[in-house]
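Let chain V serve as the given structure and place chain B on it in line with the hints.
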Amino acid sequence: MKLQAHGIETDLPPGWEGRIALRKAPGATAAANDSTAARAAGTLGEVPNPVVHLANFALPEDRGDFGSGAVDLMTEADVMVVLFEYGPEAVGKALFKRKGIPTNLTPNMFSSSALQRTLPGQAGCQVFFTVEDRAFCCYTVLGRQSAANRVLPQANATLAATRISRR
Amino acid sequence: MTATLPRPLRRTKAPVETADLAHEGIHRDPGAHDPISTGGFAQKLVHRASGWLSGSKSTRRSFLTRTAVVGSALAVGPIDFILKPGSAYGYVCGTCSDGWTAFCCTINSGKNSCPPGSFIAGWWKADNAAYCCGAARYIIDCNASCPTQCSCRCAGGSCDNRRTCCNQFRYGQCHQEISCYGPVVCRVATCEVPWKYDPSCTTSSATDNKTREHGAPCLSTDCGTAIDKKYKALGGEASDLGKPTGAEVAVGDGKGRRRTYEHGNIYWTSALGAHEVHGGIFDQYAAVQGVYGLLGYPTSDTLTSSDQRTRYGNFEGGRIYYFRNDGHTVALTKPFFAKHQALGGVAGMLGYPTSNIRTSSDKRSTYFNFEKGRIYSVSGRVVEVHGSVYTFHESIQGVHGVLGYPTIDLVAVGDGRGKTQWFEGGMVWYTPTTGTFGLWGEVLNRYISNGHAKGYLKYPTSSVKPVGDGRGSYATFENQGNIYATATTKGHQVHGALLTYYLAHGGPTGSLGYPTGELDPSSQSGARYQQFEHGRLKYLNGTVTPA
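Chains as they are written, first to last, in our numbering: chain V, 325 to 491; chain B, 11 to 557.
Excised from the complex, chain V in its bound form (with noise of 0.2 Å):
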C-alpha cells in the first residue's frame, strides 16, 4: 500500500499501516492575527512539521507524535517507526548531520532507554539526519528488544521504500 502526502511517500510491506500526518497549525482555521484562535490548539507561532507513523500492528487513532499511545500496545513482533520532520532552520546543523534516511537499522543501535516513555522489554533508536534539505529523527520502537533480529529487516525494508522530496 503506498502513502503519499506533504512530500514523503513509501510503500507499506503487507501487514503493516501507516498515516503521514500534519497537524493545524494554531489559529489557522481563523484569522491570522485573532488572538482567539491560539486557544483550540498551541500558541501562535508554533510550526508543526508532517509526522510519518509506520507500523505492523494496529495504529490508534490517538498518538502522540513519537508514538505515544500507541507504543503502550505493542507486543513482542510489534514495531514501530517514526519520522518526524523538524523545520528549516535545522538544516546544517550538528544534529542533523547524517545524510539520508537510515535503511540499515541494526540491533546494536537499540537500547532499552533510548525511549520517549521506557517501557519494560522495549528498545529505541533515534536517527537524526538530512535528506533534500529537510531535517528529520528517524525514531524506532521495538516491542520487544529479543526480537530485534526478526523485526528489523521489516523496518530496513519499509524505510528503504520511502522517499522524501524537497519542498
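To be clear, the hints were calculated from the coordinates, so they are not data collected in a lab.
Errors might be hidden in some of the hints.
[Unchecked claim] Derived lysine-lysine pairs resembling DSBU-like cross-links, with alpha carbons at most 35 Å apart:
| # | chain 1 | residue 1 | chain 2 | residue 2 |
| --- | --- | --- | --- | --- |
| 1 | V | K348 | B | K220 |
| 2 | B | K121 | V | K421 |
| 3 | B | K265 | B | K253 |
| 4 | V | K348 | B | K206 |
| 5 | B | K206 | B | K253 |
| 6 | V | K348 | B | K239 |
| 7 | B | K382 | B | K344 |
| 8 | V | K326 | B | K429 |
| 9 | B | K220 | V | K417 |
| 10 | B | K220 | B | K265 |
[Claimed, not checked] Label pairs and their in silico Cβ distance ranges:
| # | chain 1 | residue 1 | chain 2 | residue 2 | range |
| --- | --- | --- | --- | --- | --- |
| 11 | B | N335 | V | A481 | 23 to 33 Å |
| 12 | B | A297 | V | R487 | 50 to 60 Å |
| 13 | B | G252 | V | V371 | 14 to 24 Å |
| 14 | B | G355 | V | P338 | 56 to 66 Å |
| 15 | B | G252 | V | R343 | 31 to 41 Å |
| 16 | V | G416 | B | G354 | 40 to 50 Å |
| 17 | V | P338 | B | K220 | 28 to 38 Å |
| 18 | V | G416 | B | K265 | 53 to 63 Å |
| 19 | B | K220 | V | R487 | 22 to 32 Å |
Built from N, CA and C at the ideal position, the CB exists for glycine as well.
What follows is chain B alone, placed relative to chain V:
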C-alpha cells in the same frame, strides 16, 4: 543554592555500551549504558519497581489499590482530582514505573529549570492543559550533557517518584548545534512557549496530549486571577497582547479590574468575566474613554467577522470594528449598535459602519454613516435611512432639506410592491419599477386623502416640483394622474382624460389655472365635473369638454 545532577543510588561500573554511533546519526552519549541489559544494581532496582507497579499494564484502580495516593491526590489538587477522577494516576504522583522522567522541580531544589550539567534539548506540548488554565502546556526536556555522569534512578521525591537519567531520548528542537546528548535528567513544565523560554529552541512543535496531566507537588496549578488565566489562555507573551507592562489593578469604579500589556489590556468584572482588548480596537476604545465611556467593559475577546473583513470586540455599550484592509476602526455605540443589530447587522440593509459618531450641523442629532445608509438619533428617536431612500434624501439636502429627519424606518406599504418612509416634512415612496420619490406639503396631503399608493394614482413617478409660475407645485403619478397645489387652492388630483385635456390646454399656467376641487362623483346623467380656478371641465362617456 546550586543544584547538581541527582546521584545514583549506587555508582555503576564502567559503561558497557561504548560504541560511538554518531556517524549513523545516533547521538546519544556513547558512555551512557543501557539501564536494563547492562546496568548496575540501581538501574535494575528501577525496573524491579516498574514490575512491582505492573508497568504499563497497571490499571488506575489497581494502582490506587496498591498505593496510598488518594490522600495525596486530595492534598495536592483536590478540585482537579474530584472533577477529573481519570487524571488521578498521572496528575497526583508520577511513579518510577510509569516510564516517564521526573519534573525538574522534584530534583532541582524546587526549581522548575534545568539543573547544572544538563541542557535544554527539546520540547513537546500538551493542548488544553488544566495546568496552564486551558492553554497549551509545554514540557521541555533537560538532557544530560556529554559525557554524563548521570545514572538511571528513581527520583525519590515524596510524590513525583518518576525516573531521572533513564530515558536517552531527545525531542531535538533545542540546541541543535549540540549533537551528543545524555539521558533526560528532568522535565521543565511551563505555560510559556519554549522558543521564548530558551531562544535556542525552534518553533517546530511536537504534540503528546497523553502527558497533559503529568504533575508534581512542586508544580503549581494556580492559574492566578481571572485576568492571569485569560492571559495564559490567550498565549501569554506570545499573544497579541505582548508582555505585561503593569500590575493588575482595580479600575477604580468599584466594578472592575484591569491589567495593561504592551499592545492592549485585559479587563475583568464579576458579571462579565475577563476579556482582552488589543491593537487598533484598543486604541479606539481608549479614544472613547474606555470603561468610562459609552462602551463600558468588554464582553468578548477580539473576534473575526465571518466575511473576514473585520475584527471586532463587543462591549456593554456597543462594538468596535477594526477593518483589516486599512486598519481604521469604528466604535458603534448604543443606541445605534442595537438598531444596527436589529436591522441585520453588517449582513443587513446597512452594511458596515463607515464613520464614528457624528453630530449634525444643526446640533439636533447624532448619527453614524454606514455603507448603505445612516442611523440618526434625533428627538429621542433612533431611525435609519438606507438604500435608494437614503440616496434620494441626501440628494435633496438630507435633514437640512424639505423632508428633514426621518420619523420612522422604511416600512412596506402592504400591497406587495412598494415601501414608504415618513419624514418630518413629508414622505418618500419607493417601488422597484417606479423609483424613489418624495412628496410633501399640499401635494402629499391630497395624495394621502385620496388613498396614497392604494388609491387611483398608485405610486409617484416624480417628487414634488415647482410649476414654474412662482405659485404652484405638482407631482406626477404612475396611473396617469397629477396632483397640483398652491397655497390658496390646496392640492387636487387631475387624472385620466381630464389630465390629457388639461395639459393640452396649458395645464396650471393655461386658461384653466389650478384645480380647486376633485372630480365630482357621477351625476344622474353620467357626467362628471372638475372645477378649476378659471373654469370647469365636464367628463362624459370618455369625452372632456369645457362646462
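Of all the hints numbered above, which does this structure not satisfy? Sort the numbers upward. 8, 10, 11 and 16
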